[in-house]
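Chains as they are written, first to last, in the working numbering: chain A, 28 to 381; chain B, 893 to 1182.
None of these hints come from the bench; they were simulated from the model.
Note that the coordinates shown come from a computational prediction; the quantities given were computed from them, not determined experimentally.
One thing to keep in mind: the hints can contain errors.
[To be verified] Computed Cβ-Cβ distance ranges for the label pairs, DEER-style:
#: 1; chain 1: B; residue 1: Leu992; chain 2: A; residue 2: Glu82; range: 46 to 52 Å
#: 2; chain 1: B; residue 1: Gly915; chain 2: A; residue 2: Arg39; range: 48 to 54 Å
#: 3; chain 1: B; residue 1: Arg1057; chain 2: A; residue 2: Arg95; range: 52 to 58 Å
[Said to hold, decoys possible] One side of the interface only, derived from the structure: several residues of chain A facing chain B at Cβ under 10 Å:
#: 4; residue: Ala71
#: 5; residue: Gly72
#: 6; residue: Pro117
#: 7; residue: Gly334
Cβ atoms here follow ideal geometry from the backbone N, Cα and C, with glycine treated the same way.
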Amino acid sequence: MTFTVQAAVGARDFDVSLAVGPGETVAVMGPNGAGKSTLLNVVAGLLHPDSGKAELDGRILFNLVAGRGEWTAPHRRGTALLAQEPLLFPHLSVLENVAFGPRSAGVSKHAARASALRWLAEVEAAELQGRRPAQLSGGQAQRVAVARALAADPGLLLLDEPMAALDIHTAPLLRRLLKRVLAGRRAIIITHDVLDALMLADRVVILENGRIAEQGPTREVLQVPRSRFAAGLAGLNLVTGTIAGHGLLAGDLAIYGQHDELPGDLPAGQPGVAVFPPSAVSVFLTEAHGSPRNSFAVTVTDLEPYGDRIRVRAGAGGQLSADVTPEAAADLGLVPGLQVYFVVKAAVVSIYPA
Amino acid sequence: MKQARNGGYGGIPRWIYAIAAAGGLFVLLPLAAMVAKVNWPQFIPLITSESSLTALGLSLRTSAASTFLCLVLGVPLALVLARGRFPGQGLLRSFVLLPLVLPPVVGGIALLYTFGRQGLLGRTLEVAGLQIAFSTTAVVLAQTFVALPFLVVSLEGALRTAGNRYEAVAATLGARPTTVLRRVTIPLVLPGLASGAVLSFARSLGEFGATLTFAGSLEGVTRTLPLEIYLQRETDADAAVALSLVLVAVAAAVVALAYRRPRTSGGLQDSAPGQRESPTPAPSAGSAVR
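Next comes chain A alone, as it looks inside the complex (with noise of 0.2 Å):
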C-alpha cells in the first residue's frame, strides 16, 4: 500500500523518483523551475513523461518502461490537486463544488450532498455552502477547494503552493487547517515556505535542476542540509568540495572545520559539504591570521537588512553571508564590489560527507 513514481521528462532535464508511504505527507521544495509542478503535473495524469513508472496502492498510474505503454487517464487516478489558486467552478455553488467530486464517482445526489455538508463543515466552511465562489475572499475560496479535494476522496492529495496566493493574515489559518485534515493521509505538498514543511509534512525532498537533491525528515535536512537549497532554507552557508584530512577543499579553497557526527577520520578524498551559520563570520578588510581560522577573500556582491543585522552576500553569485551589525558595516565601508575578507572558526565549521 505505497505510491511510488519514478519519471522522466527530456524536454524538461527532469528525471525523479520517489515514494510516498500510507499516511505520509511529504514537502517537496526547490528553486522556481526546479521540476515540482512538473511531478504534480506528471502523477496527476496531466502530463505525458518519456518515460517511467507510478503505482498507488497496487493500480499502475502509468508504466511507460520499455516500450509499454500504460496509461490511467486522470480521472482514474484518485490524485485530486489543489492548486496555487483554488479554481472554485464559477457557475456552480459552493455546496455543488464540493460535491463535484462525489457526484463524478457516481455517488447519489443526496450522498454527495451530505458528504459535501460533512467536508464544509470539517474545513469551517458550512455557512457559506449557498454562495458563488465570486462571492469568497481568498481564503474562504481556498478552504472551500481543500474541502472539494478532500470530498474526491483522493488516494494521494497534490497540494501546489496551496498558501502562495493568500496573504499573510489569511495563511496561517490555512496552514492549521491543512496540518488537521492531512494527519494521517498522503499527500505531496509543493511549498516555498520552510514553515510548512515544518508543520505539515514527515518528510522533505529537495528538487535542484529536475533532479532530487536530498531528502529526509524536515528536521535533519535543515540542521545537516547537504544541498545550497536546504542550506538557503535553514539560513546556513554550504561550501561544496572534496574531505581532505584537515576538512574540505573546495576548489583553490581549503576550509578548516569539525567533524564531531563521524567517529574516526572523514573519509578522504570522497565529496562532502562544509556548513557554517553567517553569524559566526567575521567581516575583514584585511587578511587575518590566526588560530584555527578560516580566511576567505571574496567581493561583496549584496547587502540587505536582517533582523537588527545587516547580512553581507559575498562571493560569486553570493552564495556565502555574513551577518555584521550596522555598525560594522558603516566603520568598514561595505559596499557591493568591495573587495574582503570573512573570517570564520574553524571551531563553527561542519563538515561531513554530501
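Let chain A serve as the given structure and place chain B on it in line with the hints.
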C-alpha cells in the same frame, strides 16, 4: 490631456474622434435614409401582407433550424480546434473559416455541386429518395454553410480565453471527459456559445446569395425575407423598404443580445479570485484587484 471616465489616461488625439464620427455616420446615415423613406401609414399592412408574412415565417423557421445545425456541428468543431492536438489542425481551421470570406454565390454553387441532382452526393441521395436542391432543406443547408464559421470562431475564442485549468482540476476530482464537458467546459463558455449562436442566427436570417443559387426563390418554400425584399424592390419599393426595416430591427436586437455586457458571475474571467481579501460583490470590469 483627456481623462477617461474611470480616471485612467485616455490617450487618444482629438482628430481621431472626428474620423471616428465620420465612420459612425457612414453606417448610420444609410439606415436613417431608409427610415426616412418608410411609408409609415402603410407600414403595418405592408409588412403583414400574405407574401411578407410567408417569407418572414420561412426565414425564422429556416434560421432556427440552421442555428441548431450550427450548434450540433460547430460545438465539436470548436472544441477540437481549441483543445485538440492533431496534424492538419491549422488547415482544418482555415477551411472551416473559408465561408466567412467566400462570396455566398460561390458557396451556393459549391453546395449545388455537392447536394444538387448532378452533384457529388446528390445522386446517391436521389436514389435514397431525397432531393435537396431547391427545397427548404437547401435553404437550411445554405444558411448553415455561411453561418457555421461565426459559431466556431466565437466559441473557439471563448474556449481559449477560459483556458483548461478548470477542466484539469475537474479531471483530477474524478470527472470523466464527458462529465467535464457537460458540467465544466460548456457552462464556462456559455456566454460565448450564446453569442455565437445569436450571430449564426443573424447571418442565417440575412443569407441571400447562397440561398438564391442553391435553393432558388419559390414562394413559401425557399423565398426567405431577403429574397422577398429583393423581389419586391422591382415592383413595390414601399414594401421592400418596410421589410428592410423589419430586418434592421431584428439585426439590431441580435447585436444587442450578442454584445450585451457579460453577466456578473463572469465565467470567462481567468483572473485569480484568491487575490481578494474580504468578501466582495462580483467584480465589475475594470476594477479587478490584483
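Hints, one by one, checked against the model:
{"no.": "1", "hint": "B:Leu992 <-> A:Glu82: 46 to 52 Å", "in the structure": "50 Å, holds"}
{"no.": "2", "hint": "B:Gly915 <-> A:Arg39: 48 to 54 Å", "in the structure": "49 Å, holds"}
{"no.": "3", "hint": "B:Arg1057 <-> A:Arg95: 52 to 58 Å", "in the structure": "30 Å, violated"}
{"no.": "4", "hint": "Ala71", "in the structure": "5 Å, holds"}
{"no.": "5", "hint": "Gly72", "in the structure": "8 Å, holds"}
{"no.": "6", "hint": "Pro117", "in the structure": "5 Å, holds"}
{"no.": "7", "hint": "Gly334", "in the structure": "28 Å, violated"}
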